[in-house]
Each structure stands twice: as structure tokens, then as C-alpha cells.
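Okay, here's what each chain looks like letter by letter:
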Amino acid sequence: MNDVVGPKSSQTTRQAPDGCDTFPKLLIHNAEKRGDLPAMREKDLGIWQSWTWREVLDQVRALACGMTALGLKRGDKVAIIGDNRPRLYWTMVAAQAVGGIPVPIYQDSVADEMAFVIDHAEARFAMAEDQEQIDKLLEIKDRCPKLEQVIFDDSRGMRHYRQDFLTEFDEVQSRGRAFDRDNPGFFDVEVAKAKGGDVSIYLYTSGTTGQPKGVVLSFENVIRTAQNGIDFEGLTADEEMLAYLPMAWVGDHIFSYGQSYCAGFCVSCPESSATVMHDLRELGPTYFFAPPRIFESILTTVMIRMEDASWLKRKMFHAFMAVARRCGVDILAGRPVPPGDRLLYALGGLLVYGPLKNTLGFSRIRLAYTAGEAIGPDIFDFYRALGINLKQLYGSTEASVFITIQPDGEIKPDTVGKPAPEVEIKIADNGEVLFKSPGVFLEYYKSPEATAETKSADGWVHTGDAGFLGDDGQLKIIDRAKDVGKLNDGSLFAPKFIENKLKFFPEIKEAVAFGDGRDHVAAFINIDLEAVGSWAERHGVPYGSYQELAALPEVYEIVREHVAQVNRDLSTDPHLASSQIKRFLILHKELDADDGELTRTRKVRRRIVADKYLPLIDGLYSDAERVHIDTEVTFEDGRKGRLSADLKIGAAETYEAEPLKRAS
Amino acid sequence: MSQVQKTIGDTLLKVEGISLSFGGVKALADISFEIKQHEILAIIGPNGAGKSSMLNVINGFYHPQEGTISYRGEARRRMRPHVAAKQGIARTFQNIALFKGMSTLDNIMTGRLLKMRRNFLWQALYWGPAQREETEHRTFIEKIIDFLEIQAIRKTPVGRLPYGLQKRVELGRALAMEPELLLLDEPMAGMNVEEKEDMCRFILDVNDEFGTTIALIEHDMGVVMDISDRVIVLDYGRKLADGAPDEVRADQHVIDAYLGVSHD
Amino acid sequence: MMFFLEIVISGLTTGVMYSLVAIGFVLIFKASGVFNFAQGVLALFAALTLVGLMEKFGLPAWLAIIGTIAVMIALAWAIEYFVLRHLVNQEHIILFMSTLGLAYVLEGAGDILWGSDVKVLDIGLPQGASDWLLDSYGLYVEKLEIVAAVVATALVVVLAVFFQRTRIGRALRAVADDHQAALSIGISLRTIWIIVWSVSGIVALVAGIMWGSKSGVQFSLSLIALKALPVLILGGFTSIPGAIIGGLIIGVGEKLAEVYLGSMVGGAIENWFAYMLALAFLMFRPQGLFGEKIIERV
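So the sequences go chain by chain: L, A and D. Take 2 as the starting number for the first sequence in the numbering used here and just add one per residue. Take 708 as the starting number for the second sequence in the numbering used here and just add one per residue. Take 49 as the starting number for the third sequence in the numbering used here and just add one per residue.
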């Protein structure tokens, strides 16, 4: 399974735009090439203020010289803490101009997290947005002995702060202007010193375990990856982008900083985090990124608003959304569509999709990305059906974002795309996705062991995610690598992937799949009382309790069909065909956090379930038709009791593995 | 943190021998006190102690039967609400009094009514000086919106806002009047801890940045002791104590009447 | 077809009259929450005063109009001073009763001052049918009705600008929304009331002139106030556009009903059609076409 996909290293390497290999050089380049075009916007006092590239250069020059006047030296780290503000973006490039290294920190970090990063990065300078961040910095300053100078952007509420290491942004700039007058040429000489291979930024990633790690990226990492994305998607200097995701997150760094500087497009900052949706509508970006949960919450808002809308609007919305679901995705993909549908879709565009996209601020979107977790296929298709070019990508901080991107015309809700330009991918024997690219980080700051663990000597980086490449060349991520096991025939077993497929059916509330070290896959099913109960009512099937309902032959039949459907899906995928569910049973009780079977966030505790229901698992892997179980349960009032049941074991149809034939 | 000591100025408002009764019920009995320039004065006391009545007397909603009010040295028997407003006294209400049908922006804009100078013909034509004036007012309002961090609800009809935000809008409208004296009637009632903290910060910042004198009624003793320069304690229409927060806290009368007894 | 058009146009012009009276109601209702029963009588009183000034003092029409406006403003002041001021914070029903009394006082005063006979009001507005419309389209439309429509439109535009753009307009909206809050931002309720009653008086004067020029100034003029009630129910008590649209709907509706349905139910539909329509509205849309939906936070 060592299939490697992507270009070999012999392929031509892309040139940074006009030979600019650092961001300060790109800034100067943009100021010369498109000096009077807007580089940044920010909504302030209710009005969009904008700065041209030339003005940004002027601001950055003053700031860089000012920080130098305050004592910033080459190699010093500059912590940057706050919401997306033009001045904070300028701080990044200003620091880079004089050899400093920006270290953006998540603005919602609590003081302890902030202390860790500042101390670990050995930041000497900090740029804070406002009083709130300054208060946190003052609280932790004793724990960060290296921190010497703190600059603040917004002076609101700061007039009684008298510490001499605090300097207001404007003050720094005016000192910088004086410094610039006294040392003309200093700025340009400093900018020229840096080379593409030099460190450009530390991005701290909050790992799921342990302390955050500082990912060190070079200018070349960021610029080449950004430029590859620009070339791949055909982005131009005319894009409009709203910077609203944390500056400390690699995505924002590539989209609203790297790509903006490389392509020369304008980035706008919202008025406040609460006004993002409103500002989005006013701005109408052409290029947009949002994690799945944001797309999901926008959709929910739309649906709720539609429930409140007038009868006519509601009818129209549902009628035309049905049209869009039928043909919108195909129209966007440029596939043939019957002329009648095409006409209806055009009418819908006029009456529903257009106004809707306008209200959401999506009218002008040419390219929208989502990434980070799996997006629900219905949510994904909703936006595509509206004609919004939403794509998935797969990336990581260690890759300077892009690992795979869905190419135009090859968009699928359940894959994350093909390797991005200059990216090579291979799948390790344990199913883990490995990649190699020009965006591969230099190291984890001050953690050589962690670096060695993640990045092999020959440059392959472990993502920690398990996945496989389909016949269409698209990567499919199935689980965290550590959760993936193996069936006895050596094929991959990704329990969460299978369980999610089962839970997609409304009648199935929870599922637990077994198969690691077994010959085949078997599963426990929890039915959804509400969904199955209402089915039973509709069909006049009497039942007295959850246990009775779960044991009904009709219910077994429903579940069996669903399992078979999942098997059919799995069989189309050569990598997962052997993960088809042979036998299943419907549990007589709901898995419950009170019984320790679920976590409080309703995630299955696999090990506990396996121990507790061992007889059931044995039954699943035997030839028995029924199996007896006796378990302890906790009632709602806290009393304990025992529950015993004879459970039927269902067998589901399995299918011949057939490779995907559909042309992509 | 080295706080700069703020300077409390001369007397801004002085009430002398105020008595107010409704029918037979005596709401205020011979109350006298002063409000000094730039200070934050808290009026506390149990329910029914006459706190709100006191504010209503100051801005002219109630007319006391006895006593005088001197504002900026000018003594008068009764205040009229619109005259009080013209002279620079703004207020908020215990049970929010906003223009429910208007947006946040329009509500705060009404606070500028008294500052609008151009005659109505100019305004009607919305031309020349009137337009310029409108822009100036709008800029001022935007600064308040920024100050109170309510950008996101600029265009929202206030009736739809949650309680805490309505209180903030009400404060915004009072600030739009650029008052010299700001009367706040339970500015933090019904708020959660976070909203209270925000409101405290706004009150302190208003006092600090604009030099506005503030008299407020509040139930939350922690808040009162934290933010006020001076505290007056009322009980059954009488004044029990008047002094710095620490003095008041130590005052035996106050402890007996108010602080000692458990109170929500 | 021409016949139908003529009926519609005639209905529209009657509707304009209803609207004018209804606007007076809306203004006062918005500013003070008072349902001013005397609005119709105000129109009568204004028309009587105008005729009186012209007849008894021989003033030219324009001077008499200015004089009448002055009288209406003085009246507004007097109403505030002698009536409203003493009833602040009273129940709405009490304020309503006071306007009922006011209606009788004004009617009596008009009678005593100017006599109770039907008077001809001629301030030089064109009379007769529009020759141009008759010749070119075969449409019979009274010139006076055209003038009435033009004047009413102009009045509405002026009022809209006045209330939307000016300080007083903003103050009025504030008062309409919340008295206490309005006071706290420095609005004098009394000033607002005098202004509103004055404006209502002037609107009443316009209505009085139009109605009086058409059918003479007589005491039945005060009865158009009753027609304004269904107009308000239709349009909403707080909406000036509502008052206009409501007036037009009722004007056209009752004329059409009279002509096309009248024969079926024995005629005289015109007299009760408006009330039936209002009743139907009360059942299905009590806030009226344009009335404010009450936004309550849950």
C-alpha cells in the first residue's frame, strides 16, 4: 500500500512572484506595482476605512523602525495577540522586515496558555490589541522573563496604565518615523537581508494532548504554498477576502496574509467578532473560507428564518430548493441537465438563490473552501446547489495548509481532493497519510524529538490521520490513525467511519463497530427511540418499552436494510470492502453516560462497552441466533438495577467488492 | 498598576431639605446631599427606601413638596424634565425606557435631539449645513457605539434585544446627550456576572474619559463598593449615611439597617 | 369601462377626504395615545371660521386662510392649556371622553360664532368637470376633485418630510414611542402636543375646505369623522400611509359596492360598507394594514 501520488521532486519548482522571497519584499513589490489599490480594509465607526498598498508600506516602515527604536533585534520574537486588525497584520510584516519573527497567539487564550507560548517562544516583544489582552499580559509578565516591550493598538481604557514597557502603537510609529529620518536606508537594507529559507513565523498548534507545539515555517514554506494555491485556483489581485478567523491559525495566515501578499488582493477586517455575518454581507467576498460548523450554522439560520417567513416565500423557497437539489450541483459541475430543469434553475436564481446568496453575502463568491472536519453531505450540497463553488481541502499547520484540494469539476462531499501542486502523498501500512511538499515545516520550535517523530529524515510528514486514495485519485480521510485497526485479512478497519455511516440513518442513534483482530466486522446498534417510535405509531405496531421496541422483528428488518445499505456503500470501495458488517444486534438499552458507556459529550467509550457486553460480542462472532445478557443499569433517579434480555442476532447481506466504475 | 488619582471638583448639584410624599406616604423626608463634579456617587438602600424617587426628583419627574435643588449654583423648587435635560442631566431607567420601535442607532440618535441646531426648513430639505450637521451627529453616535461595543446591533430594533444590551443602548442614548450629570437607575439589575463587569467598565470609562459626574442606584453591594467614590444610604426616606465606601461599610446605622440584614 | 373608471376616480376623491381626516386622527393618536373624537368637528370648525372670516370680515381668501391657521394654532394651545395639561397620566378613556366633550364645545362655539345655516365656501377653487378629460377620454371628473387630490398629495409629502427629517418629527416619534424616555432626552411633551394639535388643525382645515367647497359647509361635515374610524381600522391607528391607503380603499370600495352590489341588497350600501369592511379587518388583521406589530421580547 505504498502508493505515492503527486509530482516527483524533479518537477519544476515554482518561482515566488517576481523573485520576491519574503513578505517585506512582496510588500514593497506590491506598493510599486499596485500602490494605489486597496491592500486592507477595516470597518471602523461604521464605515469601511481602507489602506492602499503604498499606505500599508508607509505604516509598516514606520512600525518596523519604531520597534527597532524600542530595541527589536534580528531574531527577536514578537508575540501578536488580538482579533483580525490591520495593525496586527502590519506588525507581522514589520517584524519580518527587520528580522523579527512574529508569533501570533489565539486571542481567546487564557492567561496560562498565553504565558506558555510567550515563554516558550522567548518573545521579547508583544503587540496586543486592547486593554483586555494587555491585562492578561500584565498578569503573566512575571512568568515570561524574556518579555520586555509591549505595544498596544487600541488605547481605550489605557490612560492609567503607567508601566514604562507599555507603548502605544501611534507612539511607536512616530518614534519609527524619526528613526527612519535619522537612518535613511536602514529599512531597505534590513529587508534585503532576509532570504526565502529564513524563518518567517512560529504558529503554535494546540495539540489534543500536552502543551502546544510551535511550528516553525520559513518564508519559502508560506510563499510557495500560497503561490501554488493561487495558481491552482486562478486567484487574482481582484479577490475580496474577509479575515475573520484567528490570526494564529495557519489557514488565516495563508489565506489572508500569504496569498494576499502574493496575489496582491485586498483583505478586509470585520468591525468586531460579533458583526462578521453582517460585514460579510456588506463586503461580498469572492474568496471565502469557513469551517464546516460555520456553514452548518448559516444553513440553520436560513432554515429558521424561512420558517418565520411569509407563506408565499416559504413555498417558493422549498419549491426552488428542491429544483436546486435536483440539478444545482450538476449545473455547477458543468454536467448535462435537462433543459426544463435548467430553466427552472434560472428562474430560481432570480427568485430565490440570488436574493438568498445576497443576504448571506455569498453573491460574489468564486471560491469557497471548507476543511478541518467532515462536512455533512447535505450541508455541502446545499451550498453547491445554490451555485456557490464550495470545495473541500485537507491541510495542516505542518504543511503550511495545502495537502489536498478538490479540483474544479471533481467535487465530492466525502473526499478531500487530490494532492495540491508540488505535494506528494503516500499511505503508510497502518493507513496513516504521509505527505511531502515545499510547505513542510522546518521544525517544532525547541522540540527536536517531536520534530523527529513527525517528520522523517527523508522529508515525509505524518499527519496522524488515516485515509486512503480512491481510484479517482482523491484522498478520503476516515479516522485518526491511532483509532484505526486491522482485520485478520490485513485490511483496514476504521470503526468511526463505519459507525458514522450507520448513524447517518435517523433510526440509528448510536453504533459500535468491532473488527480489530477479527475475521469480519460486527456491530451493536442503538435505535433512536423518537424516530423508531414514531415509525411504530404510524404503522400501528404496539410496543411497551424501549426494550420491546428494540426487539421487534420489524425494527430488525429496518436496521438490517440500513446495514445492508452501508455494506453496499462499503463494497464500492476496494479499501473498505472487507469492512462490511456481517452480523449485528440491536441493544436492549440505550448506551448511557450514567452507566459510563458514553462520555459526557456523548462519545462511545469503546473499551468499556466491549468489556461490559463481552457475551454479546462473543455471540456476534459465533453461530448463535440469540444471545443472553444480564447488565447493571442506573435508573434516572440514581438507583441501580439489573436488566437481562435475550437478544436476537441479525445477519446482513454483504456484497462482492467491486471497484468504483463511475467516471469522474 | 499605578492609578492616577482623579480630582473631584466642586459641588455640581445640591439637594436641600427635600421632602416628597404621595398621598399620605412619605417617600423622602428632609433629604440633603451634594453631588460633586467628576465623582461617582452611589445611592443605596433597601427596596422602598426612596432611591428612585430621589432620582426622579433630581431630573424633575417628581416635584417635592419641600426643599430646593441647586444645579450649577442655580436654586429651584422644582425641576422640569426637559429643562433638566437641556441643562445636562441625562438618565436611564430601572425598567428600561427605550423607543421600542426604533433601531439601536435611532434610539441613540434621539439623544442628540437637543444638540440639533438647524431649523426645520433646512432639515426638511436635508441640504447644506443641515446635512453636515447630521453627519457630525452620526459620527458622534458611532463613537458611542464603538465605546459601548454594540456595533453588531446597530440596525436591530431594540425591542428584540436581550435585556443586558437594552440597558447598554439606554446608556448610549444618555451619553449621546453629552451630559454633565448622568443618573443611572439600577444599571446592572437583572444582568449576569459578565454583563455586570462590562457595565462597570463602561461606567468607570465614562467617568474617566469624559469626566461625567455619575449618580447611580444599585443593589449589588460589591459593585457599589468597587466603583463609587462616595455612597449615600437611604432607609425609609431618610438619609442614614453619606461618605466614602469604607466609612459607610463601617457605619453602625448602616450595618443595622441594611448591610447587616440579609438582602438579595 | 369608462363608467367603471369614473366610479373608481370618484371613489378615490372621496377616499382622499377620508384620508385627510384620518391623518389628523393618526397624528394625535401617535403623539399622545388619544383617540381624538373631535377631529371631524375640527374640520367643521376650521371651515366655519374660514367662511366666517371671508363673509363677516370680508377678508380675501388667502388672508382668511392664514387667519384660520392662526385660529387653529391658538385653539391647539388652548386645548393643551385648558384640557390636556390637566389630564396627564390619566386613563386613555378619560382623555377620549374629554375629546368627546371638546367636540360638543367646538360645535357649539361654531354655531354661536358663525351661525348654523349651510354656507357656501368659495375660495376660488375651480368648479365643474374637467373639459380636457371629458373631450379627450370621455371621462367625467370634477376639477375640484383633481385639485383635492393634488392638494392632499402635497400635504402628505410635506407631512412626511416634516416628520421624517426634522427634529420635531423625530421628537414626535420619540413621544409616540415612550413618554418617559422622551422626557428624559429633553423633549417637552407640552410643546409636542401643541405642535401636533396645530398640525391636526391645519390638516382639518384642508379637509374642511375641500369638503366645504364641494357640498357646502354644514354641520353634517363633522360626521365624516365617523367614516374615518373604519379607515383607521383598515390602515392602522399609528400609520400615516395606512390612513391614506385605508381612506382610498374605503372610498373606492363603497362606491363600487354601491354601483355593482347595491341593486342586489336594495341600495344604500355606501352608508354601511365601510363599517362591514372594518369589521372583517378587525377579525383577521386587528393591527390594520400598516399598524405596528407589537414586538415583545419573550
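It cannot be assumed that every hint is accurate.
[What the hints assert, rightly or not] Each computed BS3-like pair below joins lysine-lysine, with the alpha-carbon atoms no more than 25 Å apart: (1) L:314 <-> A:850; (2) A:793 <-> L:44; (3) L:44 <-> A:721.
[Said to hold, decoys possible] A few chain L residues facing chain A, derived, Cβ under 10 Å: (4) 274; (5) 277; (6) 607; (7) 611.
[Stated by the list, open to error] What follows is a list of derived Cβ distance ranges for each label pair: (8) L:239 <-> D:289: 40 to 50 Å; (9) A:926 <-> L:465: 47 to 57 Å; (10) L:555 <-> A:897: 28 to 38 Å; (11) D:138 <-> A:787: 17 to 27 Å; (12) L:164 <-> A:842: 46 to 56 Å.
FYI, nobody ran anything at the bench for these hints, they're computed from the structure. Here a beta-carbon is modelled for each residue, glycine too, at the ideal position from N, C-alpha and C.
Cross-check of the supplied hints:
The straight-line distance between the Cα atoms of residue 314 (chain L) and residue 850 (chain A) is roughly 38 Å, outside the 25 Å bound, and the hint therefore fails. In summary, the hint linking residue 793 (chain A) to residue 44 (chain L) is not supported, as the alpha carbons are separated by about 34 Å, beyond the 25 Å threshold. At most 25 Å may separate the alpha-carbon atoms for a hinted pair to count; residue 44 (chain L) and residue 721 (chain A) exceed this at roughly 44 Å. With a least beta-carbon distance of about 9 Å to chain A, the hint placing residue 274 (chain L) at the interface is held under the 10 Å criterion.
Taking 10 Å as the C-beta cut-off, the interface hint given for residue 277 (chain L) holds, the closest approach to chain A being about 9 Å. Hint status for residue 607 (chain L): violated, given a least beta-carbon distance of 38 Å to chain A, over 10 Å. Proximity of residue 611 (chain L) to chain A is violated relative to the hint, the smallest CB-CB distance being about 43 Å (cut-off 10 Å). The hinted window of 40 to 50 Å between residue 239 (chain L) and residue 289 (chain D) holds, with their beta carbons roughly 43 Å apart.
The supplied range of 47 to 57 Å is met by residue 926 (chain A) and residue 465 (chain L), whose beta-carbon atoms lie about 53 Å from each other. At about 53 Å, the CB distance of residue 555 (chain L) to residue 897 (chain A) disagrees with the hint of 28 to 38 Å. Separated by about 19 Å at the C-beta atoms, residue 138 (chain D) and residue 787 (chain A) satisfy the suggested range of 17 to 27 Å. Checking the proposed 46 to 56 Å range against residue 164 (chain L) and residue 842 (chain A) shows it is violated: the Cβ atoms sit about 39 Å from each other.
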